[in-house]
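Undergrad: Knowing the structure of chain Y, use the given hints to seat chains V and W on it.
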Amino acid sequence: MKAIEVNREKCIGCRACSTICSPLLITLTDDGHRRVIAFPPSCEEDCDRCLRACPTRAIAFGEKPGVSAILEFELAFCDRCGKPFATKEELAYVLSRISSIVGEEPEWKNLCPECRGKESALGLLKLL
Amino acid sequence: MEVIPTICPYCGAGCPVGLKIVNGKAVGIEYLSEHLLTHGSLCPKGNAVLELLYHPNRLRTPMVREKNGWKEISWDKALDIASERLLEIREKYGADALGFLSSAKATNEENYLFQKMARLLGTNNVDHCARLCHAPSVVGLRKALGSGTMTNPIPDLVNSRCIFILGSNFAENHPIVSRWVLEAREHGAYIIVADPRYTPTAQLANLYLPLRPGTNIALLNGMMAVILREGLANYQFIAQRTKGFEALKSSLENFSVEKAAEITGLNPADILLAARTYARSEASAIVYCMGITQHATGTDNVLACANLALMCGHLGRPGTGLFPLRGQNNVQGASDMGALADVLPGYVSIEDEERRRVLARLWGREDLPQRPGLTVVEMMEAALEGQIKAMFIMGENPVVSDPCAGDTVKALEKLEFLVVQDLFMTETAQMADLVLPVACWAEKSGSYTSTERRVQWSEKAVEPEGVLSDLEIIGLVGKKIGLWDNVPSPEEVLREINVAIPAYGGITPERLKATAEGLFWPCPDPSHPGTPILYHENFLTPDGKASFYPVAHRPPREEPGPEFPFTLTTGRVIVHYNSGAISRNIPSLSRYAPELWVEINPHDAEKLGLTEGEIVSVSSPRGEVKARVRVNERVIPGLIFLPFHFPGVNFLTLKELDPEARIPAFKVSACRLEKGGT
Amino acid sequence: MGYEILVRPERCISCYACEVACAREHGGISNVRVYPPGIPIFCRQCQGATCAEVCYPGALERRDGEVLLHAEKCTGCELCLLACPFGAIKLEGKRAYKCDLCSHRREEGLLPACVLTCPAGAMNFSCVADFSSRKRKIAGLSWAMGHERRGK
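Protein chains in written order, with my numbering: chain Y, 507 to 634; chain V, 4 to 681; chain W, 25 to 176.
The hints are simulated quantities; they were obtained by calculation from the structure and are not laboratory data. Note that the structure is predicted; figures quoted are calculated from it, not measured. Errors might be hidden in some of the hints.
Unchecked claim - Quick list of in silico lysine to any residue cross-link-like pairs, SDA-like style, CA-CA up to 25 Å: (1) V:Lys28 with W:Arg48; (2) V:Lys252 with V:Leu231; (3) W:Lys161 with V:Leu39; (4) V:Lys23 with V:Glu54; (5) V:Lys28 with V:Pro8; (6) W:Lys97 with Y:Glu551; (7) Y:Lys632 with W:Met169; (8) W:Lys118 with Y:Ala582; (9) W:Lys159 with Y:Leu628; (10) W:Lys97 with Y:Leu530; (11) V:Lys74 with V:Glu416; (12) V:Lys482 with V:Asn501; (13) Y:Lys516 with Y:Pro529; (14) V:Lys482 with V:Asp79; (15) W:Lys114 with Y:Trp614; (16) W:Lys159 with V:Asn162; (17) W:Lys114 with W:His50; (18) V:Lys23 with V:Lys463; (19) Y:Lys624 with W:Asn148; (20) W:Lys114 with W:Arg129; (21) Y:Lys624 with W:Arg32; (22) V:Lys417 with V:Ser86.
Unchecked claim - Taking beta-carbon pairs under 10 Å as the criterion, some of the chain Y residues facing chain W (in silico): (23) Ile518; (24) Cys520; (25) Arg521; (26) Thr525; (27) Ala559; (28) Ala592; (29) Tyr599; (30) Ile607; (31) Val608; (32) Cys621; (33) Arg622; (34) Glu625; (35) Leu630.
Beta carbons are placed, not taken as given, at the ideal position from N, Cα and C, and that holds for glycine.
Next up, chain Y with everything else stripped away, as it sits in the complex (with noise of 0.2 Å):
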C-alpha cells in the first residue's frame, strides 16, 4: 500500500493519470466550466503507471497514510465557439513547450481542436 500525494503546483490537469489508472481510482470530470481531479489517498495496487505518466512529475509516492486531493482547474474556452477545450494551465503548459516551433503567439492558440480544423480549412480555400 503506498500514499498519493499530488504537487497542485505542478499538476496542469492533463488527463494522463485519470486515463492509465486501471482500477479507475483517480476520476477526471469537466463541468463546463472547471475540471476536477481527484485522487485516493492511498493505492493498494502493485504499480507506478500514474506516476511514471506524469508529463510534470507532480505524482509521488509516500509511506504516511495519505489524504484524498480534490484539484479544481479553470478552464480555457474557445475564441470561435466558446466550448472549454482545456484546462488553462496545460494550454500554457502545451504552448510554452512547443514556443520554439511555432512562436508566441500562433493565432490558432485560443481554438479548439475542432475550431483549429474549421480555420485550417478556411485558410486553405484562400490559397486557392
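TA: Just chains V and W, lined up with the frame of chain Y:
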C-alpha cells in the same frame, strides 16, 4: 484471402467494389484501381457496403402475417402461399387484377424472369421505379434519337470543352462523375450548372444559373433562340442527320432571351453566355437528372435538351452527348429487360404484334397479353379503386418513394394479397401478407447494366444465410405455378436474354466474366466489341435520323398561393440512398444525417421567425411532415428543400403525371411551414 | 520517402468517402475530417512536429518523413491535441488517434484508403515537388483560358 470483384449495389454509376474474403466471410474492401471508370474509387456508400451485407436487421426467414403479428414459416410453405394466392386471384378476377413491381436493384436476369412471369401469367401490369425517375428519358430520347439512353461513357466527359449540367447533383448522387468533370475543367472545359439550389455540384461551376423550379424549357428555348439568332447552329449536322428543324425554328421565332430571363428569373447576360459557350465549343455535353425529368413536363424537358444537342451537332463524337444519369444500380437493366408496363424486353412495343409473337414463341406460347399495362402510380390508383387485388413487390419501397404516398398506404391496405420480397422490414414490407427475405448483391451472381449502358458481371462473394436470391424465388414461384419446369441459373437466363434482346446479343456470360470493364450495349453478337459512344454515324431511329420536337414552357401544375406560399422541392444527399431503407440502417452513413431537415433561405426564415434547429411542420395540400430547420443560402428565396430519404416527405409531393412518360411531378409543389410540433 | 497525402481542395465535393473509408480501416475511428466548404483535414506529418515535442511518454516520434504514433506508449494525456495547429489529433477512449498514412496498407504495398477512395481525385499520395508542379500546370492553363467563376 481472395478479393472478389462485385458491382456496388447502390447507384447507377456501376462502380466496382472488391470484397476481401477470408474463410467465407467478407472482412474488408479493396479498391479495384484498374477499372477505367473509377480507378478504384468509391463514394461513402460504397465504402460502407459491409455494413449492409452483415446488417443485424436483415430479414432471414419468410414470414406470414397473422392476427397478432408475424409468423415465421418455411420456404416451401411461403412459396406455396405465394403461388396459390396469385393463381386464386387470377382465377377469380382475371390476370389484370395482378400487379407486379420489379426492382431496379435486382440483376438483369432477375428482372427478365420477373417480367416473364407477369406476362406468362397474363398481364402487362409490370413496372418499376424508372417510372418515377427517368421514364421521360426513356420515352423522350427514344422519340428524338431512337434510344432512351446515355450516349457517351462517363470518362468521355474529359474530352468535353463545355459541360452543361441541368438538374443534376452528381457531386452527391453520382460522385464519380465529378472526377471526370473536374478533369475536363482542368483541361480548360467550361462548366455550367443550372439548379434552383446551390448544391455541391453547383460549387464546381464556372457559371451557376439559379433558375426558378419548373422553368427548364424556358432556359433551353432561350438558349436555342440565341443560337439561331447569332448563326451558331451546326447547319451541316442539321441537314445531314436530322428532321423537323423548320418546325423547331418557327416555334422559337417569338421567343427571346428576355422572355427566357423573365420566366426563369435569370440574368439575360448569363443565358447568352451559356448559349454561346455551349454552341461554340468544339465538343459540348449535357448532363441531366431529376431536375429535368421529375416534372409534369418531364418528357418535354428531355426533348428540349435533345433539341439543343441536335441543333449544335453535339452528339456522336467524343466529348459530346446527352447524359441522363440513371439512379439505381440496375435501373437501366430493368428497363432494358422490359420490366415496364408499355414495352417488352428490348423496348419492343407491346402493340408491335409481329415482334410480340416472336417473343411469345421464344417463351413457348402463341401470343402474350396485348394491352399495355398499368404503370407504378396507376397500379396504386387501380388498387385503391379495387381493380388490382394482389401485388407482388420486389425490392421496392413505394410507401416511402411514391408521390402522394398517403394514397399508396390506402391502396396497399385494400389489396387482398400483398407479397413483398426485400432485404429489410421496410415501411412497405410492414404492410404485406407475406414477406420473403432476399440475398443481397454479394450473395448472388448476375449482370447489372449501369447508366453508361455498361453491362458488368458481379460475382457471388459469400454464401447467403437463410435467404434466397430474387432469381431463385421467382424461379420457384414460377415453377410452382407451372410457368416453367426448372429454376434457371443466372447464366442460363442471360443466355436467353442474348436471344430475346438483339442489343444484348453478344453479351454472353463468358465474355462478361472475362472482361473487368464490362461491355457497352448495343453489342449484337459475340465478336462485337460493344458501343461506348452512340450515334457516330446513324441514330437508332428507323431511318437513322434524329428528330426535333418543338416544346413550349408550361407553368408547374401546382404553384404557390396564399395558403401554401412556398415552392417545395425534394432531392437527395450523399450519405443516404433513395427511400433510406438501406442507408438509414447503416450507422457509418446515417450518423451524418440521422433525421429529416428542411432548408430555408435566411430571408424567408426571418419573415417566418424561424431559427436554426427548431422543429417545424412542413405541409402541402396532401400531407404534413415534421423537420428540423436549416437556414442557408443554398435555396433561392421562396424555395423550400426536403431530402426525401425519410418516410413522410413524399406524403407532400404531387401525383400529377407527365402525360407521355407518366412520371409524377415530384420536383415542384406548394407548401407552407408552421412553427412548433414536437 | 517524402511521400505524403496532399489535398487538392478545389476537387473536394464533401462526400465524406475519405472519412467513412478511414474509419473502416481504423476500427471505427476516422483520422480525417472534412470541414466546410469541403476541405479534408488530417495530420500533416510536420517536420517541426509540435505534437511530438510535447509527448512526454515518447509515443509520437518523427521518423523517415512521417510522425509515428506508437499507441502502446500513449497515456491519453491530450497534450498532443492541444499542440496540433490543425486539430488533426483526436482522443478516443484511452488514447490519441491521428493519420498514420494507412501503415497497415502500405506494409502490403497498397496506397492509403482515402487516396484510393476519393471519387473526385482530391487526395493524392505524392511528394511535394511532383504535386506542386502539377498544380502550377493546371493553374497556368486556367489563367490562360481566362476562366472566372460567376454566379455565386
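Undergrad: Each of the hints needs a verdict: does it hold here or not?
TA: Going through the hints against the structure:
For the hint pairing V:Lys28 with W:Arg48, the CA-to-CA distance comes to about 16 Å; that is within 25 Å, so the pair holds. Distance hint between V:Lys252 and V:Leu231 is fulfilled; the C-alpha atoms sit about 8 Å from each other, no more than 25 Å. Annotation: proposed proximity of W:Lys161 to V:Leu39 holds, straight-line Cα distance about 24 Å (limit 25 Å). Under the criterion of a C-alpha separation no larger than 25 Å, the hint pairing V:Lys23 with V:Glu54 is consistent with the structure, at around 14 Å.
For the suggested pair V:Lys28 and V:Pro8, the alpha carbons sit about 14 Å apart, so the restraint of at most 25 Å is met. Between W:Lys97 and Y:Glu551 the alpha-carbon distance is near 20 Å, which keeps this suggested pair within the 25 Å criterion. Taking the CA atoms of Y:Lys632 and W:Met169, the gap is about 21 Å. The hint holds against a cut of 25 Å. Between W:Lys118 and Y:Ala582, the direct Cα distance comes to roughly 22 Å. Compliance with the 25 Å bound is thereby established for this hinted pair.
Between the alpha carbons of W:Lys159 and Y:Leu628 the distance comes to roughly 19 Å, so the proposed pair stays at or under 25 Å and holds. A threshold of 25 Å between alpha carbons decides the hint, and for W:Lys97 with Y:Leu530 the separation of about 19 Å falls inside it, so the pair holds. The suggested pairing of V:Lys74 with V:Glu416 holds, with an alpha-carbon distance near 19 Å, which does not exceed 25 Å. Pair hint V:Lys482 plus V:Asn501 holds up; C-alpha atoms about 22 Å apart against a cutoff of 25 Å.
Between the alpha carbons of Y:Lys516 and Y:Pro529 the distance comes to roughly 24 Å, so the proposed pair stays at or under 25 Å and holds. A hinted pair counts as satisfied when its Cα atoms are at most 25 Å apart, and V:Lys482 with V:Asp79 qualifies at roughly 12 Å. For the hint pairing W:Lys114 with Y:Trp614, the CA-to-CA distance comes to about 17 Å; that is within 25 Å, so the pair holds. For the given pair, W:Lys159 sits about 20 Å from V:Asn162 by alpha-carbon distance, which is consistent with the 25 Å threshold.
With a CA separation close to 13 Å, the supplied pair W:Lys114 and W:His50 stays within the 25 Å bound. A threshold of 25 Å between alpha carbons decides the hint, and for V:Lys23 with V:Lys463 the separation of about 12 Å falls inside it, so the pair holds. Distance check on the hinted pair: Y:Lys624 and W:Asn148 sit about 21 Å apart at the alpha-carbon level, within 25 Å; holds. Taken as a hint, the W:Lys114 and W:Arg129 pair is honoured in the structure, with Cα atoms around 21 Å apart against an allowance of 25 Å.
A C-alpha spacing of about 16 Å is found between Y:Lys624 and W:Arg32, which places the hinted pair at or below 25 Å, so the restraint holds. Of the pairs offered as hints, the one joining V:Lys417 and V:Ser86 holds, with about 20 Å between alpha carbons and a cut-off of 25 Å not exceeded. Hint on Y:Ile518 holds. Least Cβ distance to chain W is approximately 8 Å, under the 10 Å limit. The restraint placing Y:Cys520 at the interface with chain W holds, with a minimum CB-CB distance near 4 Å, inside the 10 Å limit.
Of the supplied interface hints, the one on Y:Arg521 holds, with its beta-carbon coming within about 5 Å of a beta-carbon of chain W, less than 10 Å. Because the smallest distance between the Cβ of Y:Thr525 and any Cβ of chain W comes to about 3 Å, under 10 Å, the interface hint for this residue holds. Against a cut-off of 10 Å between C-beta atoms, the interface hint on Y:Ala559 holds, since the closest Cβ of chain W lies about 4 Å away. For the restraint placing Y:Ala592 at the interface with chain W, the shortest Cβ-Cβ distance is roughly 5 Å, inside the 10 Å limit, so the hint holds.
At about 7 Å, the closest approach between the beta carbon of Y:Tyr599 and any beta carbon in chain W falls short of 10 Å, and the interface hint on this residue holds. Because the closest C-beta pair between Y:Ile607 and chain W is about 4 Å apart, less than 10 Å, the hint holds. Given the 10 Å rule on beta carbons, the hint for Y:Val608 holds: about 6 Å separates it from the nearest Cβ of chain W. The beta carbon of Y:Cys621 comes within 7 Å of a beta carbon in chain W, closer than 10 Å, and the hint placing it at the interface holds.
Annotation: interface hint on Y:Arg622 holds; nearest CB of chain W at approximately 4 Å, less than 10 Å. Interface restraint check: Y:Glu625 against chain W, minimum CB-CB distance 8 Å, threshold 10 Å, status holds. At its closest, the beta carbon of Y:Leu630 sits 5 Å from a beta carbon of chain W; the interface hint therefore holds under the 10 Å criterion.
When held up to the earlier numbered hints, the structure conflicts with none and fits them all.
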